[in-house]
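Chain B: place on chain A using the hints.
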Amino acid sequence: MRPTFPFFKPKEETDSSKIFKPSRRDFLKLSALASGGVFLGISFQCSGPKGEDVIFAPNAYLSIDKDNLITIIAHRSEMGTGIRTSLPMIIADELGADWSKVKIVQADGDEDKYGDQNTDGSYSVRMFYEPMRKAGATARHMLLMAASQKWKVAMDECYAENGMVHHPGSEKSINFGELISDVQKMEIPRSEDVILKPFGDYKLIGKDIPIYDVKDIATGKAVFGADVDLDNMKIAVVSRSPVVGGKVISVNDSAALAVNGVEKIVKIEGAGLPAGLDKPLEGIAVIATNTWAAIKGRNALEIEWDLGENQGYDSVAQLKDMLESTKESGKVRRERGEIEEAVKSTSRTIERTYELPYYAHATIEPPAAVAHFTNGKCEVWAPTQHPQWARGAVASALGIEVADVTMHVTLLGGGFGRKSKPDFVVEAAILSKEMGSPVRVQWTREDDLHHDFYHALSAQRIKASLDGSKNLVAWNHHTVFPAIGATSNPAEVHPSDGELGLGCVDFPYDVPNIRIETHESKAHTRIGWLRSVSNIHHSYAINCMMDEVAEARGVDPINHALELLGEDRNLSFKEELDGDFSNYGESIEEYPWETGRMKAVIQRVAQEAGWGQNLGGNKAMGFACQKSFLTYVACIVVVEKGGDGKIKVSDVHYAVDCGIAVNTDRIRSQFEGGAQFAHGLATSSAITFKNGKVEQHNFDSYQIARMPEAPKRIHVYIVDSMEKPTGVGEPPVPPYAPALANAVYKLTGKRQYKLPFKI
Amino acid sequence: MENYTLKINGESHQVTAEEDMPLLWALRDLLGMKGTKFGCGQALCGACTVLVGGEAMRSCSLPVSAVGDQEVVTIEGLSAKGDHPLQSAWIEHVVPQCGYCQSGQIMNAAALLQRNPNPSDQEIESVMAGNLCRCGTYNRIKEAIKTASSKL
Numbered sequence: 001m002r003p004t005f006p007f008f009k010p011k012e013e014t015d016s017s018k019i020f021k022p023s024r025r026d027f028l029k030l031s032a033l034a035s036g037g038v039f040l041g042i043s044f045q046c047s048g049p050k051g052e053d054v055i056f057a058p059n060a061y062l063s064i065d066k067d068n069l070i071t072i073i074a075h076r077s078e079m080g081t082g083i084r085t086s087l088p089m090i091i092a093d094e095l096g097a098d099w100s101k102v103k104i105v106q107a108d109g110d111e112d113k114y115g116d117q118n119t120d121g122s123y124s125v126r127m128f129y130e131p132m133r134k135a136g137a138t139a140r141h142m143l144l145m146a147a148s149q150k151w152k153v154a155m156d157e158c159y160a161e162n163g164m165v166h167h168p169g170s171e172k173s174i175n176f177g178e179l180i181s182d183v184q185k186m187e188i189p190r191s192e193d194v195i196l197k198p199f200g201d202y203k204l205i206g207k208d209i210p211i212y213d214v215k216d217i218a219t220g221k222a223v224f225g226a227d228v229d230l231d232n233m234k235i236a237v238v239s240r241s242p243v244v245g246g247k248v249i250s251v252n253d254s255a256a257l258a259v260n261g262v263e264k265i266v267k268i269e270g271a272g273l274p275a276g277l278d279k280p281l282e283g284i285a286v287i288a289t290n291t292w293a294a295i296k297g298r299n300a301l302e303i304e305w306d307l308g309e310n311q312g313y314d315s316v317a318q319l320k321d322m323l324e325s326t327k328e329s330g331k332v333r334r335e336r337g338e339i340e341e342a343v344k345s346t347s348r349t350i351e352r353t354y355e356l357p358y359y360a361h362a363t364i365e366p367p368a369a370v371a372h373f374t375n376g377k378c379e380v381w382a383p384t385q386h387p388q389w390a391r392g393a394v395a396s397a398l399g400i401e402v403a404d405v406t407m408h409v410t411l412l413g414g415g416f417g418r419k420s421k422p423d424f425v426v427e428a429a430i431l432s433k434e435m436g437s438p439v440r441v442q443w444t445r446e447d448d449l450h451h452d453f454y455h456a457l458s459a460q461r462i463k464a465s466l467d468g469s470k471n472l473v474a475w476n477h478h479t480v481f482p483a484i485g486a487t488s489n490p491a492e493v494h495p496s497d498g499e500l501g502l503g504c505v506d507f508p509y510d511v512p513n514i515r516i517e518t519h520e521s522k523a524h525t526r527i528g529w530l531r532s533v534s535n536i537h538h539s540y541a542i543n544c545m546m547d548e549v550a551e552a553r554g555v556d557p558i559n560h561a562l563e564l565l566g567e568d569r570n571l572s573f574k575e576e577l578d579g580d581f582s583n584y585g586e587s588i589e590e591y592p593w594e595t596g597r598m599k600a601v602i603q604r605v606a607q608e609a610g611w612g613q614n615l616g617g618n619k620a621m622g623f624a625c626q627k628s629f630l631t632y633v634a635c636i637v638v639v640e641k642g643g644d645g646k647i648k649v650s651d652v653h654y655a656v657d658c659g660i661a662v663n664t665d666r667i668r669s670q671f672e673g674g675a676q677f678a679h680g681l682a683t684s685s686a687i688t689f690k691n692g693k694v695e696q697h698n699f700d701s702y703q704i705a706r707m708p709e710a711p712k713r714i715h716v717y718i719v720d721s722m723e724k725p726t727g728v729g730e731p732p733v734p735p736y737a738p739a740l741a742n743a744v745y746k747l748t749g750k751r752q753y754k755l756p757f758k759i
Numbered sequence: 001m002e003n004y005t006l007k008i009n010g011e012s013h014q015v016t017a018e019e020d021m022p023l024l025w026a027l028r029d030l031l032g033m034k035g036t037k038f039g040c041g042q043a044l045c046g047a048c049t050v051l052v053g054g055e056a057m058r059s060c061s062l063p064v065s066a067v068g069d070q071e072v073v074t075i076e077g078l079s080a081k082g083d084h085p086l087q088s089a090w091i092e093h094v095v096p097q098c099g100y101c102q103s104g105q106i107m108n109a110a111a112l113l114q115r116n117p118n119p120s121d122q123e124i125e126s127v128m129a130g131n132l133c134r135c136g137t138y139n140r141i142k143e144a145i146k147t148a149s150s151k152l
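First to last, the sequence lines map onto chains A and B.
Going by the numbering used here, the first residue of the first sequence is number 1, and it counts up by one from there.
Going by the numbering used here, the first residue of the second sequence is number 1, and it counts up by one from there.
In case anyone wonders, no lab produced these hints; they're calculated from the structure.
These figures come from a predicted structure and were not determined experimentally.
You may find that some hints are simply not true.
Calculated from the model, a selection of chain A residues having no Cβ within reach of chain B, i.e. all distances over 10 Å [stated by the list, open to error]:
#	residue
1	Ser181
2	Asp213
3	Gly261
Pairs of lysine-lysine, DSS-like flavour, derived with a Cα cap of 30 Å [said to hold, decoys possible]:
#	chain 1	residue 1	chain 2	residue 2
4	B	Lys81	A	Lys221
5	B	Lys81	A	Lys101
6	B	Lys7	A	Lys433
7	A	Lys641	A	Lys750
8	B	Lys151	A	Lys207
9	B	Lys151	A	Lys215
10	B	Lys81	A	Lys103
11	A	Lys101	B	Lys151
12	B	Lys81	A	Lys207
13	A	Lys101	A	Lys172
14	A	Lys433	A	Lys377
Where is the CB? At the ideal position from N, CA and C, for every residue including glycine.
The shape of chain A in the complex, shown without the other chains (with noise of 0.2 Å):
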């Protein structure tokens, strides 16, 4: 359980080994998963009666039955990334399985077993990749042995491909299921005596694999949080707190009790101040045998609210507060060179300022969370992406030992960071053990809305000076806003190193002059991370600024950025950095900041869309890029007028380097939803506060990317490249709303200093 950023974890934290060392117990927890009374053998003493029942399993992830059965666990939550293919497929890919044969099975929350499940900071594919391999290795190796041995071969004669071993010498196949009793009585191999697949001989990897729920999706099959349906089931509405920190003082229920299928009101306790990210609002939930009794009852409830310290909060007041603080000297978080000497010698500085308001996750699936308290124990069904933090939350919620509660992860309907947070699960805990029954807690989209773990708000001004030469030789660099911590820590009024560190002050330019503050500012509401935090509002400003600088050197903003990486060399921010630079989790040592890949995928994507060429008057691009969660990734929006006046998206070119692409289809799929969500967020969501309340309330009033003024193509160009793989959930969003912003302005002269813009 960790209550804090999912994408700073440290790696030595996901000890592959351990997960390698299967164990009675792990055995025993196995055989849950299977259903029919199947026996599912992690440990090799384990056989059936007369073996014919064995299943191999030489770790968490992977069984073969006799009849040849694969079973990959997906141990990471499906929010629409792909990661339930791409993980359980180089499992796969190393181990020669008939990919259309394999059988994927969800895991429950279980840290000691799976190793690390917190489905965020694109990082499921850079932390799984080796051990992954390892473990279809694994289980190749033995497989390989033992057909060898029944053979009589040299196991280097021999290989696995489609579910069976050949051995091309003498002609002979066997399939893995027929080796189960064989490779039973094996040891598993040490880990330096299993010899990876050289790359070239992968057939999943690397390709365009579709993922593996297409076809429940497209018959309404697939199964989602609220999908969940268990005997004796009660619906939860709950009416929360409008204001973070909110009490209820008292309740007038009648009305609520009086409608027909309303059976019982029941108050949950909030955290209070500070919220945290763990815990339910306060609020009073209305439980009743089905889900539109309970809205019903939820509408007719009267409640009184004690609204606490925020009920004043005003948001536009507090972003003007925020640009008001960036006019002073702050705390200074990276210093290069002797910023106040050089800006004495230069001849223009450009100072801009830019702010960007909250931002809710809005996934169309709203939380929804199944419980069942019973004996002492919990059985909960959850959209999730951090499992083992809601199982420990649920627990902790109950009073009960982490053991005594089962969470099984469904498929979710969109996460964005906003499901990491467990506190839907922990309601619906609460109530199913006040009520005595399995309860579903549905939240609408107004809950959605009103009570999100928003994206922070943001204030940032940035002042670039430039010498007699037109030379950028200052960069100073303010932002300010509501740090995540601070929503269980109100004393954090900065933001973090860690925040910092998401396009901040790893700002990679070669400037001789580099000064990076910070501002005090408090968290009014519930402060969350949303698809690539931080990196959104920095690299806006970041980005559009460059722009401006490229501008009045008078240099191509492409040509600028090259010129400004510098030769091709690793960065490392730490010795100019008051704090430490997180890199996401990662050494710098083993993940370096490389300026020539950042290069390369810029040179790659303006080529690509033929920047430079004369596109006529109606048309233009714009250019950003910006390398986040360890991937690199290089932009360009193309505008146009439309004959009606209107300004649309035509295309979108996108460079990306993550290293070894692993599923190609789903790296091109995430950076085609990755530039309509950023849409969105470029130029019509935004969150606001009166009165401590939020003021949007549906999908009329916060306004995501609709298929209409959606932009119309993305073309993704994925570097060939042998590097460590890195993520592609994240990325594609931080460069285009910058990029966007570039193109209008060229296309009208128009600076945009404020998301959201219209066009």
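Leaving out everything else, chain B in the frame of chain A:
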């Protein structure tokens, strides 16, 4: 509470419900048909789209009492084997990401193709404007509708 006989996917179903209960909740909670999704409750996102009398309707905002004897088709009944041209095209283009909005997208597209088997890009965009996808699968949805259209 009233009794209603609903014609859904070619079969009659009896439900006992308040007259203002939206069809969505009758489908999901009373009949256990979970393919139709709840997204906004205000006919603003399209996740709950079903066909009622051949027209795409937002089931979250259609009271069960207003359905009458009109034929209701949900994602479960779009085709017997899950091979409606739209479903096949959805699979061919690997349209879904998280998948939650896709039942509604497919049902809305089905109504479009029934009315106009060969829609232009602009018609697709305008008809699909009310179906939100937070993952941003819009361009693949459009391509899949065109592929399905070419096979009708």
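Going through the hints against the structure:
no.: 1; hint: Ser181; in the structure: holds (38 Å)
no.: 2; hint: Asp213; in the structure: violated (6 Å)
no.: 3; hint: Gly261; in the structure: violated (8 Å)
no.: 4; hint: Lys81(B) x Lys221(A); in the structure: holds (12 Å)
no.: 5; hint: Lys81(B) x Lys101(A); in the structure: holds (20 Å)
no.: 6; hint: Lys7(B) x Lys433(A); in the structure: violated (38 Å)
no.: 7; hint: Lys641(A) x Lys750(A); in the structure: holds (14 Å)
no.: 8; hint: Lys151(B) x Lys207(A); in the structure: holds (27 Å)
no.: 9; hint: Lys151(B) x Lys215(A); in the structure: holds (19 Å)
no.: 10; hint: Lys81(B) x Lys103(A); in the structure: holds (21 Å)
no.: 11; hint: Lys101(A) x Lys151(B); in the structure: holds (29 Å)
no.: 12; hint: Lys81(B) x Lys207(A); in the structure: holds (28 Å)
no.: 13; hint: Lys101(A) x Lys172(A); in the structure: holds (22 Å)
no.: 14; hint: Lys433(A) x Lys377(A); in the structure: holds (10 Å)
Hint check: violations occur at hints 2, 3 and 6; the rest are consistent with the structure.
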